[in-house]
Amino acid sequence: MTLDWPTLLPLIFAGLMGLAILIYVILDGFDLGIGILFAAAQDAEQDTMIAAIGPFWDANETWLVLAVGLLLVAFPLAHGVILTALYIPVFVLLVGLILRGVAFDFRAKVPTERKHRWNRIFFLGSLIASLAQGYMLGVYVLGLDVGLGGMAFGALVALCLAAAYAAMGAAWVIYKTEGELQKKAVRWLRTALVLTALGMAAVSLATPFASPRIFDKWFVLPSMLYLSPLPILSGLLFLWLWRQTFHLPKADDRHSLTPFLTLAAIFALGFAGLAWSFYPFVVPDRLTIWQAASAPESLAIILAGTVVVLPVIIFYSFYAYRVFGGKATDLTYD
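Position one of the sequence shown corresponds to residue 1 (the UniProt record's numbering), numbered consecutively onward.
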C-alpha cells in the first residue's frame, strides 16, 4: 500500500480515534468503577470516594466526546452502520451517564436524609453506563451480531467490563485514600480482578473466531509468534497484580499508584490486540478505514482543527491531575 496523503489521512484518524477510546476507558473507567463500588461503601466512605474523582470525572468524559466526534466526521459511513446496530445500548448508555451526572451534583445539595437516594442513583447510573459499554463491545467483537448469540456474548462482556471498571475504581481509591477505606479498596480490587481476567480472556478467545480473517492473523505463523507477547504479558501482569493485593497497602503508602498503572497497561495491551485483530476494518468485515472515511479534503480540514484541540485537552488533563494530586480531602460545594 502506498502511503500517500489521501491514504495516510484515514490511518491518522483511526489512530486518533483509537487513542481517544483507550484514554476514555482508562480515565472514565476509574470514576465509573467508583460509582459501581458505591454499593459496597458506607456513607462517609462514599463522600471520600466522590472527593477522589470530583476534579476529574467530568473532564474524563471529554475523551468519549472526542472519540464519537471523530467517528462521525472522519468515518461517517461507519458511524451510521455502528449506531444503527447499537442504537438501543447507546441510548441506555446516555441514560446512565445522565443519571450519574445529575446524582453527582444533587447528592451534595439535598437534605441529608435524602442523600442516600442520590447515592443509589449515582451507583445505578454508573452501573448502567458500564454495562451498556460492555454490551456494545461484545456485539462489536462478533461483527455487530445482534442475534441471540451476539446478545448473550454482549451480556457476558457487559458484566466483565463492569468488573474491570470496578477494579480500576478500586485501584484509584487505593491511590487517593488512606486508612480503612484504602484497605477495603484492596479487597475490592482482589475480587474484581477475577471477573476482569475472565472478561479479557473471553474477548481474546472470541475475537479470533469472529471471522476466518482474524483467526488467520492470530494463529498462523509467523504472526502467532509476533503477537504472543500480548496475551503472555497481560497474564503475567494479572498474576503479579493479584499477588500485590496481598501486600497492599505498604508502609508510607509506597506503590499506591502501582495497581492503577498496572491495570492501565493491561487495558492498553488488550486494546492493542483488538486493534490488530480488526485492522484495516472499522466495521468488522464490512467497511475498511478507507471505505468509510470522508473525502481527503474534508479530513485535511478536520485534522487542522484536531491539531489545535487535542493538545489543549491533553494539557488540561495533565494540569488537572497535577493540581489535584495527592490524597482526597473533603469535597465542598459553594
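Hints are computed from structural coordinates only; laboratory data are not their basis.
Be aware that a few hints might be false.
Below 30 Å or equal to it, Euclidean Cα-Cα: the simulated DSS-like pairs (lysine-lysine) are [as the list claims (entries may be wrong)]:
| hint | residue 1 | residue 2 |
| --- | --- | --- |
| 1 | Lys327 | Lys250 |
| 2 | Lys184 | Lys250 |
| 3 | Lys109 | Lys250 |
| 4 | Lys184 | Lys327 |
| 5 | Lys115 | Lys184 |
Label pairs and their computed distance ranges (CB to CB) [unchecked claim]:
| hint | residue 1 | residue 2 | range |
| --- | --- | --- | --- |
| 6 | Arg243 | Leu77 | 45 to 53 Å |
| 7 | Val308 | Phe91 | 25 to 33 Å |
| 8 | Val220 | Ala275 | 45 to 53 Å |
| 9 | Asp58 | Ala268 | 32 to 40 Å |
| 10 | Gly15 | Val220 | 21 to 29 Å |
| 11 | Ala268 | Phe215 | 21 to 29 Å |
| 12 | Ile301 | Thr84 | 23 to 31 Å |
| 13 | Gln291 | Leu198 | 29 to 37 Å |
Just so you know, these numbers come straight off a predicted model, no measurement behind them.
Glycine included, every Cβ here is placed at the ideal spot set by N, Cα and C.
For each hint, the structure was consulted:
Among the hinted pairs, Lys327 with Lys250 is consistent with the structure: their alpha-carbon atoms are about 15 Å apart, no more than 30 Å. With a CA separation close to 14 Å, the supplied pair Lys184 and Lys250 stays within the 30 Å bound. As the CA atoms of Lys109 and Lys250 are separated by approximately 37 Å, the hinted pair breaks the 30 Å bound. Our distance criterion of 30 Å between C-alpha atoms is met by Lys184 and Lys327, whose separation comes to about 16 Å.
Annotation: proposed proximity of Lys115 to Lys184 holds, straight-line Cα distance about 23 Å (limit 30 Å). At about 47 Å, the beta-carbon gap between Arg243 and Leu77 stays in the expected band of 45 to 53 Å. Here the CB-CB span from Val308 to Phe91 is close to 32 Å, well matched to the stated 25 to 33 Å. Checked against the hint of 45 to 53 Å, the C-beta distance between Val220 and Ala275 comes to roughly 18 Å, which is inconsistent with it.
Taken as a hint, the range 32 to 40 Å is violated for the pair Asp58 and Ala268, whose Cβ atoms sit roughly 24 Å apart. As the Cβ distance of Gly15 to Val220 is approximately 25 Å, the hint placing it in 21 to 29 Å holds. The beta-carbon spacing between Ala268 and Phe215, approximately 23 Å, falls within the hinted interval of 21 to 29 Å. Checking the proposed 23 to 31 Å range against Ile301 and Thr84 shows it holds: the Cβ atoms sit about 26 Å from each other.
Separation of Gln291 from Leu198 is about 35 Å and conforms to the stated range, judged on CB atoms against 29 to 37 Å.
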